[in-house]
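Asker: Now for the letters of each chain:
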Amino acid sequence: MPLLQTEKLTHTYSPGTPFERVAIADIDFTADKGECLGIIGHTGSGKSTFIQHLNGLLKPTSGHVYYDGKDIHQTKDLKVRFKVGLVFQYPEYQLFESTVFDDIAFGPKNMGLSESEVKERVHEAAGFSRLSEEFLQKSPFELSGGQKRRAAIAGVIAMMPEVLILDEPAAGLDPGGRAEIIENILAYKEAVNATLIMVTHSMEDIANTVDRVILFDDGVIAMDGAPKDVFSQGERLTAMGLAAPKAAMVAGRLRALGIPLGNDIYTMPQLRAALNALKN
Amino acid sequence: MLKNITLGQYFPGDTIVHRLDPRVKLVLTIVYIAALFSAQGIWGYVLMFAVLVTCFALSRIPVKTVLRGVRPILIIIIFTAVLNIFFTDGETVLFQAWRITITQEGLYAAAFMVTRLFMLITGTFLLTYTTSPIALTDGLELLLNPLKKIRLPIHELAMMMSIALRFIPTLIEETGKIMQAQKARGADFESGGLIKRARAVLPLIIPLFISAFRRADELAIAMESRCYHGGEGRTRMKVLKTQARDYMALFGGAAVLAAVIILRRLAL
Ligand SMILES: Nc1ncnc2c1ncn2[C@@H]1O[C@H](COP(=O)(O)OP(=O)(O)O)[C@@H](O)[C@H]1O
Ligand SMILES: [Mg+2]
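Going line by line, the protein sequences match chains A and B. Counting in the working numbering, the first sequence runs from 1 upward without gaps. Counting in the working numbering, the second sequence runs from 1001 upward without gaps.
No lab work stands behind these hints, which were simulated from the structure alone. Check the hints yourself; a few may be wrong.
[Stated by the list, open to error] Below 20 Å or equal to it, Euclidean Cα-Cα: the simulated EDC-like pairs (lysine to aspartate or glutamate) are:
| # | chain 1 | residue 1 | chain 2 | residue 2 |
| --- | --- | --- | --- | --- |
| 1 | A | 109 | B | 1190 |
| 2 | A | 148 | B | 1190 |
| 3 | B | 1196 | A | 97 |
| 4 | A | 148 | A | 174 |
| 5 | A | 148 | A | 162 |
| 6 | A | 59 | B | 1173 |
| 7 | A | 119 | A | 134 |
| 8 | B | 1177 | B | 1188 |
| 9 | A | 79 | B | 1190 |
| 10 | A | 109 | B | 1188 |
| 11 | A | 119 | A | 97 |
| 12 | A | 138 | A | 102 |
| 13 | A | 59 | B | 1224 |
| 14 | B | 1177 | A | 168 |
| 15 | B | 1064 | A | 20 |
| 16 | B | 1196 | A | 102 |
| 17 | B | 1177 | A | 92 |
| 18 | A | 8 | A | 224 |
| 19 | A | 79 | B | 1173 |
| 20 | B | 1177 | A | 134 |
| 21 | A | 83 | A | 32 |
| 22 | A | 59 | A | 26 |
| 23 | A | 246 | A | 133 |
| 24 | A | 83 | B | 1188 |
| 25 | A | 33 | A | 68 |
| 26 | A | 228 | A | 180 |
| 27 | A | 59 | A | 7 |
| 28 | B | 1177 | A | 20 |
| 29 | A | 138 | A | 92 |
| 30 | A | 59 | B | 1190 |
| 31 | A | 79 | A | 92 |
[Said to hold, decoys possible] If you want the ones that stay clear, here's a sample from chain B, every Cβ over 10 Å from chain A, calculated:
| # | residue |
| --- | --- |
| 32 | 1047 |
| 33 | 1064 |
| 34 | 1088 |
| 35 | 1168 |
| 36 | 1172 |
| 37 | 1211 |
| 38 | 1228 |
| 39 | 1242 |
On a predicted model such as this, the values are computed, not experimentally measured, just so you know. Yeah, the Cβ is synthetic: ideal placement off N, Cα and C, and Gly gets one too.
With the rest of the complex left out, here is chain A (with noise of 0.2 Å):
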């Protein structure tokens, strides 16, 4: 059984009124234990509403969410907000408290956990996000973009949860910032096996991480499966306003010279073997 999953999950905004818009639609979805799961999709496809019906802050418009078999809405039960763990895009934004500290703490403590229990949570979140002692002291509007991403991605850490949802997490950071970011993510996730689901619509991004790549089109999924079937598809990329990663490009140009490389290279190690290997 998958541990999420959506059947012909539909919404739309503002029914009835001249904004009307039908954000996704008839999304059929699974995602299984420990996967690593990438989302991509131009801007305004419907990334951003669909992850934010897997814990259920938004109803959806018609069809069901079901969490470890169990659909999320016909129970009132807030726990699957901490089981299925949400950082929105520029998540720096919802920094509130005096302290990196307390605002870690702001999940755990809505989760009822006790003050030691807490204590730990926070430290352990820190430690993924590689946030040390003198920062969780520190007002979070000292810090800088990247410090402050970080501290807002441990905020959702800290609760610990089995999926872990990240809507464009290194968006608008330099290359160094957003390295480090999928790094620390990454970390978490090796660490307690949770499932992971990046959004992005940037395939640099996750053309290193995933072990699945879906495509949202125009409030649809146009292509799920594994990121060299994928990506190796440029032009149906390019139709629908995305760019294969660089490494994919290169190989497709080169193949169109004559070069036989295979159509399954995305990254630009697999593209420095495969021409080590022709040099040989």
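The hints should help you fit chain B with the ligands onto chain A, whose structure is shown.
Answerer: Coordinates of chain B with the ligands only, in the frame set by chain A:
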């Protein structure tokens, strides 16, 4: 919850009411209010109601939207009705118990007051439903322009108003986002007593203020870097021009006002 804030929000469309010059619509709204307060007796109200319904029909605003817009003000309407029923002196007593007296005059007064209030609110909503905030402030600035002579900062006031109007939807959207983000961390905005609820809004209010200040800062810098220096010598991209339909509408407004006054004189 946030989606229900429709209090007079612009409802896009392309009808004759939408296309009227905003200055004309502002003037007509004032004329409408004046006529509404001049109306006396049943026929005056019937005429005003017919005018209101015609304008709404022309603007194609769904009845549902109008009623939803009135909902937040329902409590004021009910309060007015109650006050009028119990505190109007009159001859024909319908009901009396203890210190409470209900008279026929009181019921009439309440009915008229409620109708008037309802028509006042929906009538002014028609203006904001059919006029975009930008057009509205433009119209207001132009109408009030003569007051610049007595050194009232009309341009600055209009600019403040358009910035405020411009950012209302943005802040509503932002509030929604922050609320979702805090809910994802288990925040509970819906249950608990007064104190618990008041405390629960902190995680919402603080980020909202910070972001409002950040936006204000960015906007000020953006305006300055485009050499904004107040209204002096500024030209407009969209120059408002009155057309035949605007004069017709003004004429119609004047006719309605005159009719209401005549009906009142005839004491119908
Ligand atoms: N709160 C909202 N109200 C109305 N429409 C919305 C709202 N949020 C998103 N939408 C619309 O739904 C569509 C999908 O948006 P979203 O889920 O944010 O896509 P993505 O995250 O892929 O960019 C877009 O067309 C967007 O304009
Ligand atoms: Mg999004």
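Asker: Take the hints in turn and mark each one as holding or not.
Answerer: Consistency of the hints with the structure:
1. This hinted pair checks out: residue 109 of chain A and residue 1190 of chain B have alpha carbons roughly 17 Å apart, not beyond 20 Å.
2. With a C-alpha separation of about 28 Å, the suggested pairing of residue 148 of chain A with residue 1190 of chain B is violated against the 20 Å cut-off.
3. Between residue 1196 of chain B and residue 97 of chain A, the direct Cα distance comes to roughly 17 Å. Compliance with the 20 Å bound is thereby established for this hinted pair.
4. Between residue 148 of chain A and residue 174 of chain A the alpha-carbon distance is near 14 Å, which keeps this suggested pair within the 20 Å criterion.
5. Simply put, residue 148 of chain A and residue 162 of chain A have alpha-carbon atoms about 23 Å apart, too far for the 20 Å limit, and the pair is violated.
6. With a C-alpha separation of about 17 Å, the suggested pairing of residue 59 of chain A with residue 1173 of chain B holds against the 20 Å cut-off.
7. Among the hinted pairs, residue 119 of chain A with residue 134 of chain A is consistent with the structure: their alpha-carbon atoms are about 15 Å apart, no more than 20 Å.
8. Straight-line distance between C-alpha atoms of residue 1177 of chain B and residue 1188 of chain B comes to about 15 Å, which keeps the hinted pair within the 20 Å bound.
9. Between residue 79 of chain A and residue 1190 of chain B, the direct Cα distance comes to roughly 16 Å. Compliance with the 20 Å bound is thereby established for this hinted pair.
10. Distance check on the hinted pair: residue 109 of chain A and residue 1188 of chain B sit about 12 Å apart at the alpha-carbon level, within 20 Å; holds.
11. In summary, the hint linking residue 119 of chain A to residue 97 of chain A is supported, as the alpha carbons are separated by about 15 Å, within the 20 Å threshold.
12. A threshold of 20 Å between alpha carbons decides the hint, and for residue 138 of chain A with residue 102 of chain A the separation of about 10 Å falls inside it, so the pair holds.
13. Pair hint residue 59 of chain A plus residue 1224 of chain B does not hold up; C-alpha atoms about 43 Å apart against a cutoff of 20 Å.
14. Proposed proximity of residue 1177 of chain B and residue 168 of chain A is supported: the alpha carbons are some 15 Å apart, at most 20 Å.
15. Between residue 1064 of chain B and residue 20 of chain A the alpha-carbon distance is near 15 Å, which keeps this suggested pair within the 20 Å criterion.
16. About 18 Å separates the Cα atoms of residue 1196 of chain B and residue 102 of chain A, which keeps this hinted pair within 20 Å; it holds.
17. Between the alpha carbons of residue 1177 of chain B and residue 92 of chain A the distance comes to roughly 12 Å, so the proposed pair stays at or under 20 Å and holds.
18. Of the pairs offered as hints, the one joining residue 8 of chain A and residue 224 of chain A holds, with about 16 Å between alpha carbons and a cut-off of 20 Å not exceeded.
19. Distance check on the hinted pair: residue 79 of chain A and residue 1173 of chain B sit about 26 Å apart at the alpha-carbon level, beyond 20 Å; violated.
20. Between residue 1177 of chain B and residue 134 of chain A the CA atoms are separated by roughly 30 Å; this puts the pair beyond 20 Å, and the hint is violated.
21. The straight-line distance between the Cα atoms of residue 83 of chain A and residue 32 of chain A is roughly 14 Å, inside the 20 Å bound, and the hint therefore holds.
22. The hinted pair formed by residue 59 of chain A and residue 26 of chain A meets the criterion: a straight-line CA distance of about 14 Å does not exceed 20 Å.
23. For the hint pairing residue 246 of chain A with residue 133 of chain A, the CA-to-CA distance comes to about 39 Å; that exceeds 20 Å, so the pair is violated.
24. About 16 Å separates the Cα atoms of residue 83 of chain A and residue 1188 of chain B, which keeps this hinted pair within 20 Å; it holds.
25. Taking the CA atoms of residue 33 of chain A and residue 68 of chain A, the gap is near 10 Å; set against the 20 Å cutoff, the hint holds.
26. About 24 Å separates the Cα atoms of residue 228 of chain A and residue 180 of chain A, which puts this hinted pair outside 20 Å; it is violated.
27. A C-alpha spacing of about 13 Å is found between residue 59 of chain A and residue 7 of chain A, which places the hinted pair at or below 20 Å, so the restraint holds.
28. Using a Cα cut-off of 20 Å, the hinted pair residue 1177 of chain B and residue 20 of chain A holds, with the two alpha carbons roughly 19 Å apart.
29. Using a Cα cut-off of 20 Å, the hinted pair residue 138 of chain A and residue 92 of chain A holds, with the two alpha carbons roughly 15 Å apart.
30. Note on residue 59 of chain A and residue 1190 of chain B: the hinted pairing holds, with a Cα-Cα distance of about 16 Å set against a maximum of 20 Å.
31. Taken as a hint, the residue 79 of chain A and residue 92 of chain A pair is broken in the structure, with Cα atoms around 24 Å apart against an allowance of 20 Å.
32. Interface exclusion of residue 1047 of chain B from chain A stands, the closest Cβ pair being 31 Å apart, more than 10 Å.
33. Listed as a non-interface residue, residue 1064 of chain B fails to keep its Cβ farther than 10 Å from every Cβ of chain A; the least gap is roughly 8 Å.
34. Distance check for residue 1088 of chain B against chain A: the nearest CB is about 40 Å away, which clears 10 Å, and the non-interface claim stands.
35. Every beta carbon of chain A lies more than 10 Å from that of residue 1168 of chain B, the smallest distance being close to 15 Å; the non-interface claim holds.
36. Here residue 1172 of chain B stays apart from chain A, with its beta-carbon at least about 13 Å from theirs, past the 10 Å limit.
37. The non-interface label for residue 1211 of chain B is inconsistent with chain A: the shortest C-beta to C-beta separation is roughly 6 Å, within 10 Å.
38. The beta carbon of residue 1228 of chain B is kept farther than 10 Å from every beta carbon of chain A, the shortest such distance being approximately 27 Å.
39. Under the 10 Å C-beta cut-off, the non-interface status given to residue 1242 of chain B relative to chain A holds; the minimum distance is some 27 Å.
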